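Visitor: Using the sequences and the hints given, assemble the complete structure.
Read in order, the letters of the sequence shown are residues -26 to -1, 1 to 1175 in mature numbering (1 follows the signal peptide of the UniProt record, and there is no 0).
By construction, these hints were calculated from the structure, which means they are not laboratory data.
In this text, all values refer to a predicted model and were calculated from it rather than measured experimentally.
Be a bit skeptical, because a hint or two may be false.
What the hints assert, rightly or not - 25 Å max Cα-Cα, derived BS3-like pairs, lysine-lysine:
#1 K599 x K662
#2 K805 x K722
#3 K375 x K437
#4 K599 x K9
#5 K769 x K722
#6 K437 x K662
#7 K9 x K674
#8 K1018 x K1060
#9 K805 x K718
Stated by the list, open to error - With beta-carbon atoms standing in for the labels, derived distance ranges:
#10 E698 x E3: 18 to 28 Å
#11 D589 x E669: 18 to 28 Å
#12 T642 x D792: 25 to 35 Å
#13 E3 x E653: 30 to 40 Å
#14 D915 x S978: 19 to 29 Å
#15 N859 x S1033: 51 to 61 Å
#16 E3 x Q773: 50 to 60 Å
Every residue, glycine too, gets a C-beta built ideally from N, C-alpha and C.
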Amino acid sequence: MTVLLSASLQILVALAILHYPTLSAARLETIDVYKPIAKISPALSGAESSLAYPTNDSFGYSVTVHQLFDDPAGLSANELLDQTLIMVGAPTGAYPGGLNVSIMQPDRRACERVYSAGSLNSLTNEQILDCFRNTATGMNNNRTGLVYQCPLSSPSCSAALGSGEPDTPDGLLFDRIGNNRISLPRVSDDPDDELSLQNKNGQQMGATVYSDNGYFVACAPLWEYVDLSSRNSQPRGHCVYSNRSLSNFLILQPCDHSGTGTNQINEGYCESGFSVGVSETSALRQDTPSAPGPFMLTGTPGRRYSSGGVFFYNQLNQTGNRPRYGDIQTPFINASIGSGDQADRSAFNTVYDDQFSYYGFSIASGFLTSQVSKDFLVSSPRYTQYTQIGRVYIVNNIDVKPTLHIDGEQFGEYFGYSVAAVDLNADGWDDVLVGSPIYSEPSHHEVGRVTAYVNNQNSSFTKAGVIVGQESSGRFGISIASLGDLNNDGYNDFAVSAPYEGNGFVYIYYGQEMDESGSIVNTTYQQRINGSAVASQVTDIPSVSSFGFSLSGGTDVDQNGYRDLVIGAYESQSVFVLRTIPVAITNISMTFNTEQVMLQDYDCVYQGNPVACFDVAVCAMYRGKGLSNGFRTNFVLREVTESISNRLFFEDGSRMYTGELTLTGEYTETCTDVTVLIENTTTYLNFKIRADAQEIPRDKTTVSTNIDITDFSQSPVVDAQGYELEIPVVRECGEDDVCNPDLKLNIKNITYLARDGNTYPTLTVGPVERVVISAEFSNDGENSFYPYLTFELSKEYFQQPRITPLSLFITCNDTTSDNSSYGHYECQNIKTPLSSSDGVTVISLVVQVIEGSLYGNEGVLRIPIGIRNPTDVAYSVERPEDLDNNDAVANLSIVASSEYAVTVFYSGEEIDYKGNGSNFDGRDASTLGERVMINVNFKNDGPSQIISGQLNIYIPSRGPETGSYYYYYPAAVSSSHLECDNSTLNPDDLDVSEAETNAQQQQSQEDSGRRRRKRNVSLFYPSFSSSSSSSKTNIVKRQQTQEKLDCSGQSKTGCILLSCSITSFLTRTDTIVITGYIDERFFNGKTGTYNLTAYAVVNITDGITNSVNATEEGSDTLTLLTTGTSTESGGIPWYIYVAPAVAAVLFVIIIAVILYFCGFFRRKKKSMKADAVASGEGDNVEQFIPDPFGDSAKAKEAAKN
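Guide: This is the structure:
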């Protein structure tokens, strides 16, 4: 059974740590984590550094506070500190472990196995200590466990001693060191009684420490009784008990008496002292209700195959005698009740379902079934060995088997590992808190939980709140401590630890009146105390581990009226005392110096400018314990706004004012005045002001274990609800302060603006890019506050709506969702208040037309426009009868209009045909004859696009006389924007690749905008010509025969139809290029004239486009002249060419001779010479004088003269 305590002491920390979401709420942190009083184990501090002993003593495994005084009245601060002891259990501590060996000498008989009996009395202390350290003696370094007392006045701790004589039964020293022999049937340290021997090695003294109402108990649950005859060792456990002075200690060993069994079935594995509880007013003995003194219960969870049990002691306050004790009847075993030193017990050999239930694992007392005397909570965390759901019993009569109980819910959750009785809902009855540290959830193992049960005041309890831990393996609920009323709200509060959540956390929770969910616990923690953060505040504690394994919260260590919290961390051998800060429940209030504010009354000056203002008186008073001298706190004053910007500010220009209040005593009101300034605003909503008390800053400087704690004065935690107050704004709405406006709006005109700045009478598709709707609004009634405009339009056609003029600063917002195709807009910032004296306001709604969104078949688009008075402003209400003229509708007529035209012309190269016959190779269309293109231009001058239509082109191709040949063989077509059906071209399915290439090149040139001249194509000498008119005049004077194929007429025989589709044709020109060839197979040897007329016609089929000045038809005629035409019929005689040429030559010769004889050439040369002489270069000029008559001598003489 030694495994039981060892398992509870060495609880493993799980490797996987998962986080629960942290709850967020307004929290009141009253536990001071910045100035902890820290105690560390003497084994770490080196108090006995000259003696070698183990340092891992588990200091902090259990903690309690014991005060040596009954009443603090009249004691000084230093006396209070000296007499307030933090009692700390170190169950694996070893002797001396902080004990002064000169005062508490070790027992020499620890060396009887090493030294002879005759030499024992001559051993020195050092030799005796060597025996303790020598494992051969069986002492195993004497790990008996220790209990330390740590006064608040000293940074160090020492082991408890006592001052009695060892041989006096009522004056025993605290758990005397050594394996003293003991006697039976009475417990004794008499060295002459050698009937049995006690084994204290590994007894774990200090695993339980308890103090209540001046009684102190410390227990060693694994203390062993050794039968000398059989050498059988049994962990029966024992406790030491003392009164308030701690001067006399009595040993309590309920499982060690005559008649007890020596095996696990009976008392051999009791482990008494595993838990302890004391009740000053208990009435457990119904037969002797007037029995003097309080009751003390000690749990024995290992008794009788670990089914467990509980022993009681009463008459604790009797001196000179041991307290009366007996066996409380367990819920499992029908044992007779004993008294005095013995009890009649029967041995049981049968294994029952209740075995291994650990009844007596945890004990607490409270007013559970009576408000006069306390009862006890006794847990059985593994009830039963099969279900192991755990059970907590309410024990109110030791003579009757307890039947009142509370059951757990989950297998193996260790329901009842910790228990506490706390009045959470302030009804005068204690409620029950049960810890289940091994509770798990599907994704969080061993997270732990604490369950609250409300006392129904009729000996029944109902589940009333569950708190689940934060992290896996945190084991939330290992320890629970009642803290009293921390925040002065009338409800008791408590602490719960999770020592294996990180390095350990402690959570503070508040009790409350039962809420709607049926909980008497505010399940949102009010404070989460991080062990690592607390340790970091102490300079000489490097780290902490298992913070919160033990808790104690029943004592006010600094006498400020609030219980303080003691936290043990046994793995890091440290203990922390966290004091509770007094709470000042503070009421904040305000008053104004005026009943209402007039925005136009400029009674104050800010930076030289007059502003409106008013004064606020901020007042506060408080109530709370431990604050008789009052305190100072800050408050914050600010404007509360929702949908509008701040309008109030303070004399320093800020939007928030911070001031100070000095509160002198409970229920004494203190006030201060603040001036509030008002911006120049047109917002007439009432002003709302809020005042909040600020938290008083804490001193967060670090401390050491030598902290001076004589000064207990602390700034309080201010618990104050913010206070809001509204002050009205004057709105001039008559006696009822409710304005009734009469808003009106109408549309003046609609303007349609094109990109080029022109205007249109309608919304013409294409050129119109903006629509401007001019409207005017006014108010013919009382003031309107925050009026706004509304309008609706289709997002499919319009975008970027805005209100002009911009100087009005009217902004519009779409109130519909992004995926809505119809927009509902609201436009704010209209003048407020809008009064009848403001007259008419003219505005324009400008909207942008989305390019390409309109076709012209939309008909009329409606844009409703209105003006509204807000419905949520209580002081401005427009009556229903005045709403009939708030709206108007702009109707936009959609029109599509286009001016288009089609033209046809032939184009080609000029050639000289010699009549050599056809070169057609039978396959390539380009060998038919000379190439000729037909160009058809389709132009849309807008302004709108043409949605759909058809362009039909009729190409003259063949006649009756051509037979299988053609006049013109159409081979290929090319177009940029129109889709043409070319299946009618190339009727003989020839190779037209050359034609296609040529058509594409010609099309590319047309698209590039190059100018093309119209060419005469002389395919057949003497002439070829073309014209853009279907009624042109031929240039041929005389003809033998004349043939024609006119595709513009009604008969289209011999014409090939080329159809091109018009689709969404914007404002542009498209040229359709048709490439074809003259079929020389037909024309070879022919004489006469042939006229070929190509024809094109447009048919608009969309039913939308209005035609304006449209040219729907076009044609062009190609005239061909054959080489066989005679001069009589049209030739020109040769002499007509020769005579003019001869005349021209003679005329030039005659003119040249006349000029010569007139001296024209001589005068020019003389002039040249004169110019040369004048320039000084005459002598160097070579003179040359023409001599047409050959008389060179005369010419030379003339030159000299």
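Visitor: Take the hints in turn and mark each one as holding or not.
Guide: Each hint, compared with the structure:
no.	hint	in the structure
1	K599 x K662	33 Å, violated
2	K805 x K722	21 Å, holds
3	K375 x K437	24 Å, holds
4	K599 x K9	20 Å, holds
5	K769 x K722	24 Å, holds
6	K437 x K662	44 Å, violated
7	K9 x K674	8 Å, holds
8	K1018 x K1060	14 Å, holds
9	K805 x K718	15 Å, holds
10	E698 x E3: 18 to 28 Å	25 Å, holds
11	D589 x E669: 18 to 28 Å	27 Å, holds
12	T642 x D792: 25 to 35 Å	59 Å, violated
13	E3 x E653: 30 to 40 Å	38 Å, holds
14	D915 x S978: 19 to 29 Å	23 Å, holds
15	N859 x S1033: 51 to 61 Å	58 Å, holds
16	E3 x Q773: 50 to 60 Å	55 Å, holds
Checked against the numbered hints given earlier, the structure breaks hints 1, 6, 12 and satisfies all the rest.
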